[in-house]
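Asker: Here are the chains, one letter per residue:
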Amino acid sequence: MIKKSLIERVLQKALSNGADFSELFLEDSISSTIQLLDSKIVKSINGNDYGAGIRVFYGHKAIYAFTNDVSEKGLLKAAEAVSGAQIGDKSLEIIDLTETLYDSPHKILIPFDSVPHQDKIALIHSIDTASRNFSAYISQVSINYMEKAQQVMIANSEGLFTQDHRTYARVYVSSIAHKDNQMQTGSEGPGALMGYEFFNKLDPEELGRTTAERAVKMLLADYAPSGKFPIIIGNAFGGVIFHEACGHSLETTSVAKGASVFADKLETQIANSCITAIDDGTIPNKWGSSTIDDEGSPTKRTVLIDKGVLKSFMIDKLGGMKIGTPSTGSGRRQSYKFAPTSRMRNTFINTGTDTIDDMISSINYGIYAKKMGGGSVQPGTGDFNFAVGEGYLIEKGKVTKPVRGATLIGNGRDILKKISMISNDLEMAEGMCGSQSGSIPTCVGQPTIKVDEIVVGGRKEK
Amino acid sequence: MFEKEFQHIQELAKKHGIQHYDVYLSKSKAFSVKIFRRDIDSFNYSDSIGLGIRVILDDITGYSYTEKLDRESLESAILNAKKNAKIVDFKEKVVLENYPSISEDLDIYNKDLLRIPVEDKIKKAKKLEQIALDYDKKIVNVPHALIGDNESFFKIANSSGLNKEYSTNACYGFSFCLAKEGEETKSGYFEALSRDFNDIKPKNISNEAAQKALELLGAKEIKSGNYPILFNNEMAATLLSTFWRIFSAKNVQEGQSLLKGQLGKNIAHSIVNIIDDALLNKGYNTRPFDDEGYPSQKTELIADGVLQSFLHNTITALKDDTNSTGNASRSYKSTINISPSNLYIKPGLSSKNDLYSKFPKCLEIVQLSGMHSGCNTISGDFSMGAQGFYCENGQRKYPIHNFTVSGNFLQLMKQIVGIADDLKFKLSAIGAPSILVEDLSISG
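Protein chains in written order, with the working numbering: chain A, 1 to 462; chain B, 1001 to 1444.
None of these hints come from the bench; they were simulated from the model.
The reader is advised that the hints may include incorrect statements.
[Said to hold, decoys possible] Here chain B is said to cover these stretches of chain A; the calculated rule only asks that three of the stretch's residues, wherever they fall, bring their Cβ under 8 Å from a Cβ of chain B:
| id | region |
| --- | --- |
| 1 | 183-190 |
| 2 | 323-335 |
| 3 | 383-394 |
| 4 | 418-432 |
Ideal Cβ positions, reconstructed from N, Cα and C, are used throughout, including at glycine.
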């Protein structure tokens, strides 16, 4: 992308006021989006993101600048801006970069630009048709097809010099069911760190049908009851509960500031002993994987919780310096416009031995949240909330009827102790996670789990 | 600025036989400093440019963008936009000519902001943290104490001869703190935004943030049921920020808004007035024209409870046989859409204190969570995590937490029975006074 000698000069310039560390991140991304609405292709846009981010550390202080002027002049100007922000006492060392390239386990078979546009459009239409054919209640289907190829170069004053090429494929489908004045949405957004082979493997009929089925089911459902109940949370996207309730609070971003309820809890029992939780950036071609993170560290499989005991945080370079542990390869960012920070990759609760039938028959009155919607958490307090996308009422040990509009709220610390049963149907689901360093691809995942008690916000009193 | 690049585009469009197009360029500079434990925690500068092209071939629009502005990159952007127009099978008339002229001389750029030394910004950010910590022993942590400023330049040109630009800037301060007592932690935040650095007062911001966290300590749970709900001004604005899309003409035309067919009808209590004003004095989103180059205006969306207008760009306006309201929005990376400018619920005459005493008891909500997950912007249904106060006999009795508030936004607007005089805008340029809602479902 740019000459090694220029990179060395930029890193050197960034150190020139006595900084301890400098880093250059260069990105050249090509992305393309096609949108279908009203059974028509209504939007097609593509573009090129191109720019550089320069970061320096003075002790634990991080200074970041980005620019899309990547000419020699532009880069040196940005380097000067970051170096001039502080004065440090480190003497200048000669930077000598040696390029290291890692073997990628994430093979890309079919590049996007080798596939004709008609094929992509035919795929999108077949999802739409499948959804609309499912039910006359389906009044709208929105489909977003996305492909992205991101080339990154990372170099730092410790001599690191490496590159990574990441290729992302995803399609997001929302089917809307309509009756009288009521509307309900069913959505799925499968994706992978793959080329067009991902779309070749996708079953468009099933995708269209699943989203439509959920929307219609919820449209015809009664409102969920309110109150405190035991609850069963379905696999795959149900893992959003762990992502929100616990995952964010295990990122050094919040841990290093003591702004996490788990900050001082390493090696202590924070969850029921049936829980083992893992954050894994190495799973081949998974949506949240990559060969190296956005600081150039190889990604890892990190056991966060082992049988209920907190074992590790998710750690980036700066966060690691602050808490005195090495990086877990968790430094991630949306683009050159963001300084990297610790983020999740593919995060999941590991498989257990219970069955869904046992869980259901153990509940006298509760909710089966088969499919979760999105959620959020405040790491400082651990308070979280998330929406139920497809819910059912459980009465006297049996699933009786679908219910809609439920929201689950609670506190991360409490809920980890209230997860009492874990089944053996571990699956993952793709999402975009937004935080300090932007919006990035992550997977959530879990087997079906039972939570003994949670506050359900519905529209009806029990 | 950028006359050369725009000249290139004009030449290249001609060369490739493209007759209808527009070009949107934005250049932004931003700075922020964050303090943690009396030292700099992060320090960010940015300077970035992007250019988006919209090509219209036989009423079909194709888009592309680039962050490289050399002639070769501009040419491939134009060709890509043309290629994209050929994929799309959706015809839509785009109006590029006969826009009304712009006469507003708006006060949206303050040259003095450029001259504020970095040291002064650092000093102010340090004060933000210190003041919050000094406010009370129970304030144990200030995870975010931030001072920042930004400056943006926009330039829009099209094949019908439009060529306009403007610059705007602003600075802001933000404080987010945690109060702790025993095992209980509560948070509070406060923000201020202005075009005058002197208006960013650390004492106001941090005292307010600290106070908000402290007053929630000792929170109790609340029994499920239906209560009158008082949303404070910030939470009323949060509700409006979550549901403003129901006013977008694009959402209405696409069948994604329940306001379809409701123009001229009563959709809210007669005391409710909602206004979008792109010319608002000191508004954060005040601007001479929108992202299509269409002049700004003030638009009444709801007057005395009656739906008067939707938010339009030129495309949606043409379909509804009306005029654009100057609410076209885009970034160079996105396609054209609709956004509010400065959107607010008009303040009423009563004080917030009057609202407490309208009912023998009510719940005041001062924090909401789960706006993006617990709210369905299409159906209007919401169910959000909330914190606030139990109020009786016209005053707060004790803080409450761990409950959800749920309902439907459209029904809520009909149930607004009181509007206070304390209009406050959030950084999103969406604002509201405190509002009292007759009856919502609470589950705790």
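Asker: Let me make sure I understand: some of the numbered hints might not hold for this structure. Which ones are they, in numerical order?
Answerer: 2, 4
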